[in-house]
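**Student:** One-letter residues, chain by chain:
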Amino acid sequence: MAKPILKAHKIRSDWCKGCGICVEFCPKKVLELDEFERAVAARLPDCICCRLCELRCPDLAIEVECK
Amino acid sequence: MAINKYLRERFFPHLWCPGCGHGTVLNGMLRAVDKLGMSKNEIVMVSGIGCSARISGYVDFHTLHTIHGRALAFATGVKMSRPELNLIVPMGDGDALAIGGNHFIHAARRNIDITAIVMNNRIYGMTGGQYSPLSGQDIIATTAPYASIDPSFDVVELSRAAGATFIARTTTYHVKQIDDFIKQAILHEGFSVVEILTQCPTHFGRKNKQGSAVDMMKLYRDITTPIGSKAKQENPNLIERGIFVQEDKPEYCREYEKIIEKAMGS
Ligand SMILES: Cc1ncc(C[n+]2csc(CCOP(=O)(O)OP(=O)(O)O)c2C)c(N)n1
Ligand code: SF4
Ligand code: SF4
Ligand code: SF4
Chain A
1 MAKPILKAHK
11 IRSDWCKGCG
21 ICVEFCPKKV
31 LELDEFERAV
41 AARLPDCICC
51 RLCELRCPDL
61 AIEVECK
Chain B
1 MAINKYLRER
11 FFPHLWCPGC
21 GHGTVLNGML
31 RAVDKLGMSK
41 NEIVMVSGIG
51 CSARISGYVD
61 FHTLHTIHGR
71 ALAFATGVKM
81 SRPELNLIVP
91 MGDGDALAIG
101 GNHFIHAARR
111 NIDITAIVMN
121 NRIYGMTGGQ
131 YSPLSGQDII
141 ATTAPYASID
151 PSFDVVELSR
161 AAGATFIART
171 TTYHVKQIDD
181 FIKQAILHEG
191 FSVVEILTQC
201 PTHFGRKNKQ
211 GSAVDMMKLY
221 RDITTPIGSK
231 AKQENPNLIE
241 RGIFVQEDKP
251 EYCREYEKII
261 EKAMGS
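Protein chains in written order, with the working numbering: chain A, 1 to 67; chain B, 1 to 266.
Calculated from the structure, these hints are not laboratory results. Even glycine gets a Cβ: it sits at the ideal position worked out from N, Cα and C. Careful: at least some of the hints might be erroneous.
As the list claims (entries may be wrong) - To give an idea of the interface, some chain B residues facing chain A are shown, with a C-beta separation under 8 Å as derived from the structure:
id : residue
1  : HIS14
2  : CYS20
3  : HIS68
4  : ALA213
5  : VAL214
Unchecked claim - Rough simulated footprint, nothing fancy, chain A against chain B, three-plus residues with beta-carbon under 8 Å:
id : stretch
6  : 1-12
7  : 83-90
Using the sequences and the hints given, assemble the complete structure.
**Tutor:** Below, the structure is given as structure tokens:
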């Protein structure tokens with residue numbers, strides 16, 4: 001199977017509560033909390049499309065689209 | 001997102017605290033339903049009262065938000081009258097096994113085809129942090145300021161003894177197991193129990209100095225192990241994760257159909 005390639009990484013910041021779960025457990029340290037304590041994808045080129053951030057987010061704020 | 005079709009988005013952002021594990025259970029449960037390709041109309045979610053029970057407000061299935069501890073009794077009524085529907089009953093540990101303990105063991109004993117999800121944060125979240133039958137000893141709660149002396153139930157062993165025919169356990173750290181186990185529990189014909197350890201950083205975490213939601217999830221990673229692992233043999237204190245029971249036994253609604261046929265003389 002070919003490796004999935006990231007198409008889009010979307011974060012609904014109006015749903016995000018800044019818990020930091022996605023940031024801490026991203027295996028590639030792609031995500032960060034910004035100055036408003038909202039998750040942002042700071043290093044998108046490093047994303048390996050594992051979707052763990054999307055699966056763990058307790059606020060259903062993340063959607064990872066892969067090709 | 002594919003699972004958003006099952007959400008009542010108008011109620012988002014939801015009311016759970018930042019980092020509350022209940023949201024991750026919702027997330028995984030919807031993925032299970034999506035993978036099964038189920039339509040909203042074939043699912044009935046019944047819940048009682050508690051932070052956990054608020055889950056039924058967020059899903060666009062048929063939903064009943066009932067009374068504390070009695071969700072399984074309502075669900076039994078729905079299932080008996082409409083056996084073709086899939087019943088999902090998420091409960092907090094208090095809801096399921098304190099006030100609701102009696103309904104729980106009898107639903108298991110009957111092996112009625114319901115999927116029970118025990119969202120176990122080891123505390124009463126909604127009412128401010130009282131201890132529950134799943135807190136265990138040495139736990140600080142508002143009702144146990146010097147530590148609880150009550151031993152805890154083991155959800156898996158209790159369910160097994162009561163007669164549940166599908167029993168699994170995982171945590172909010174092990175997200176892929178959440179949707180896998182719930183999916184298998186829904187497919188199983190009989191009473192299914194999926195226990196998910198879910199963090200309540202606001203009450204359990206704060207009172208017991210377990211740190212943030214992230215710290216609590218790391219703890220789930222570190223204190224659990226797959227069933228029968230070598231690690232478990234070396235350290236019996238580890239909590240096992242996986243599917244403990246999966247067996248076929250007569251299901252209650254099917255047995256009831258037979259009685260109807262018998263009574264009708266056919
Ligand atoms: C008959 C009845 N008794 C007590 C209460 C108060 N009450 C509301 S929620 C709750 C316990 C909540 O704990 P749990 O079920 O573990 O769910 P959590 O909030 O932790 O998710 C209690 C005792 C109630 N609503 N109804
Ligand atoms: S896990 Fe979700 S709610 Fe928590 S910081 Fe990340 S996007 Fe926000
Ligand atoms: S998909 Fe995986 S690698 Fe990409 S941001 Fe999410 S957790 Fe990180
Ligand atoms: S009080 Fe605890 S269980 Fe309730 S929403 Fe907050 S973190 Fe979740």
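**Student:** Hint by hint, say whether it matches the structure.
**Tutor:** For each hint, the structure was consulted:
For HIS14/B, the shortest C-beta to C-beta distance to chain A is roughly 7 Å, which falls under 8 Å, so the interface hint holds. A cut of 8 Å between beta carbons decides the hint on CYS20/B: the least distance to chain A is about 6 Å, and the hint holds. Using the Cβ-Cβ criterion of 8 Å, the hint placing HIS68/B at the interface with chain A is not satisfied: the shortest such distance is roughly 23 Å. Against a cut-off of 8 Å between C-beta atoms, the interface hint on ALA213/B holds, since the closest Cβ of chain A lies about 5 Å away.
At its closest, the beta carbon of VAL214/B sits 5 Å from a beta carbon of chain A; the interface hint therefore holds under the 8 Å criterion. Interface restraint, the stretch 1-12 of chain B with chain A: holds (5 residues with C-beta to C-beta distance below 8 Å; minimum three). Here the stretch 83-90 of chain B counts 0 residues with a CB under 8 Å from a CB of chain A, which misses the bar of 3, and the coverage is violated.
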